[in-house]
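If you want the building blocks of each chain, they are given just below.
Number of protein chains: 2
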Amino acid sequence: MHPLENLTFGQYSFVYNSLSFAIATLGAATIFLFLSRSQVSVNYKSAVTISGLVCLIASYHYYRIFNSWEAAYSVANNVVTKTGQPFNDAYRYVDWILTVPLLVTELILVMRLPGKEGSNKATRLAVLAVIMVALGYPGEISNSAGTRWIFWALAMIPFLIIVFDLFVGLKDAIGRQPEDARGLVSAARWILVLTWCFYPIVFVLPMLGLSGPGSTVGIQVGYSVADILAKAGFGVFIYAIAAKKSEAENPQGLRDAGYASAGAVAR
Amino acid sequence: MHPLENLTFGQYSFVYNSLSFAIATLGAATIFLFLSRSQVSVNYKSAVTISGLVCLIASYHYYRIFNSWEAAYSVANNVVTKTGQPFNDAYRYVDWILTVPLLVTELILVMRLPGKEGSNKATRLAVLAVIMVALGYPGEISNSAGTRWIFWALAMIPFLIIVFDLFVGLKDAIGRQPEDARGLVSAARWILVLTWCFYPIVFVLPMLGLSGPGSTVGIQVGYSVADILAKAGFGVFIYAIAAKKSEAENPQGLRDAGYASAGAVAR
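Chain order of the listed sequences is A and B.
The numbering used here numbers the first residue of the first sequence as 7 and each following residue consecutively.
The numbering used here numbers the first residue of the second sequence as 7 and each following residue consecutively.
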């Protein structure tokens, strides 16, 4: 745990409002994805369900982080004072160890690979993702720049294998996607990789000479933005792919979904 | 952050009750819109879902604003005293940066423009909306009337472009709406523009000589009324358009949806 910094009211409020923004965005994305399950065919419901779960888990953790932030400081007459209570940043790693493997699973599920290929690839990517998050943690809680760099480098190994898998390992499978959805699936890989690049960058902020309150604010706001893009943004993208593929595979079925089961049975 | 004013019990309660009214109205609109999704065809479900999300995000923020207002003052024997805790007004801007682009997206989605036209127009309007809100914030947190006027004027530029887009850019698209829904869609534009006019008016209240407690009460009650009309009112209107268009496109399907599976079994 890092020693907490003394913050100005503006710095405290910027983190406070970013954390609340993350709760609102991830919570709204959860409801959007759960409701939108009804608009995709049965083949893609699990991908959309898991996208919603990732946002739900993240909004739960942001609610916890927000409360922990509020408890760690007291504000009176625009002066911010440390209360002595810890700010529990570990919520982020607890969140990632659960949500990051689910994010790669979303992508593989929405691709709907034949036979064992899907579950094999999903398992491999999920295990790599767990190793990546687990290796980042010992660096994150360390105050030594040397230790931070070592675990940063170690976590980059599974990260690079994941990038390789997404771009080389999935190349054939993307070629087999329906034409309408191919561009979207390919873009989803890019979104995953580009949003994940935020994390190692935010991680190195304190090692690049950004220290003190600026570093605290940068880390909290940076991770919040990264989580919103990688979870809510990516989730809405997964829904768009699922809707497009559902329509391509069965235009009539989708219309039936809109009119509930009665119309289908009556025919 | 403005210095908090000393308020009478009546002034304090007026804001307090307005904020609670906003929680109730926006919360009720959320549930109405989520439940009513089942009464529109699959083509319009996303428009109604997003209308509900806007109300949900706003009711979350009103809950936070209400709690912040309660914490900033203590009341004993009808005397209102400042506690020294900040009243976090920034929640409004955190809310708008998320909900205002979604409001224009609702309108474009319910119009169901062909091909890329819809996503192009929605993206353009959403970006303009984000710029508009972002330009308002530096003015809102300033106590200088000069600074407030500058950012007010800057935020009016994207606002006027949005108005132009809605009335000139969407003219053709409105002509292509089904006859039954054309009047409603045209009216929705008017509601959007007229309710949005509240915000720049409330913003200038303190610059027009309305100062002290009257200004605080005017801003809080004014923004609450504006949010209720622009989000709950507009959302219900979007649902009405969606229901009318669903019926026009497939009267039988809609009746089936209304009767769900029970009707199917009976047949």
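Some clues are possibly wrong.
Repeated chains share a single entry, so a pair holds when one copy, or any two copies, can fit it.
Said to hold, decoys possible - Distance condition first, Cα-Cα at most 20 Å in a straight line; then the derived SDA-like pairs of lysine to any residue:
(1) Lys177 x Asn256
(2) Lys177 x Glu253
(3) Lys177 x Val81
(4) Lys88 x Ala30
(5) Lys177 x Leu190
(6) Lys51 x Asp171
(7) Lys51 x Leu134
(8) Lys51 x Ala246
(9) Lys177 x Phe20
(10) Lys88 x Gly152
No lab work stands behind these hints, which were simulated from the structure alone.
Here the structure is a predicted model, which is why all the values come from computation and not from measurement.
Here is what the structure says about each hint:
{"no.": "1", "hint": "Lys177 x Asn256", "result": "neither (25 Å within a copy, 34 Å between copies)"}
{"no.": "2", "hint": "Lys177 x Glu253", "result": "neither (23 Å within a copy, 30 Å between copies)"}
{"no.": "3", "hint": "Lys177 x Val81", "result": "neither (53 Å within a copy, 51 Å between copies)"}
{"no.": "4", "hint": "Lys88 x Ala30", "result": "neither (26 Å within a copy, 28 Å between copies)"}
{"no.": "5", "hint": "Lys177 x Leu190", "result": "within (14 Å within a copy, 31 Å between copies)"}
{"no.": "6", "hint": "Lys51 x Asp171", "result": "neither (24 Å within a copy, 36 Å between copies)"}
{"no.": "7", "hint": "Lys51 x Leu134", "result": "neither (25 Å within a copy, 34 Å between copies)"}
{"no.": "8", "hint": "Lys51 x Ala246", "result": "both (12 Å within a copy, 14 Å between copies)"}
{"no.": "9", "hint": "Lys177 x Phe20", "result": "neither (42 Å within a copy, 41 Å between copies)"}
{"no.": "10", "hint": "Lys88 x Gly152", "result": "neither (28 Å within a copy, 36 Å between copies)"}
Violated hints for the displayed structure, listed by number in ascending order: 1, 2, 3, 4, 6, 7, 9 and 10.
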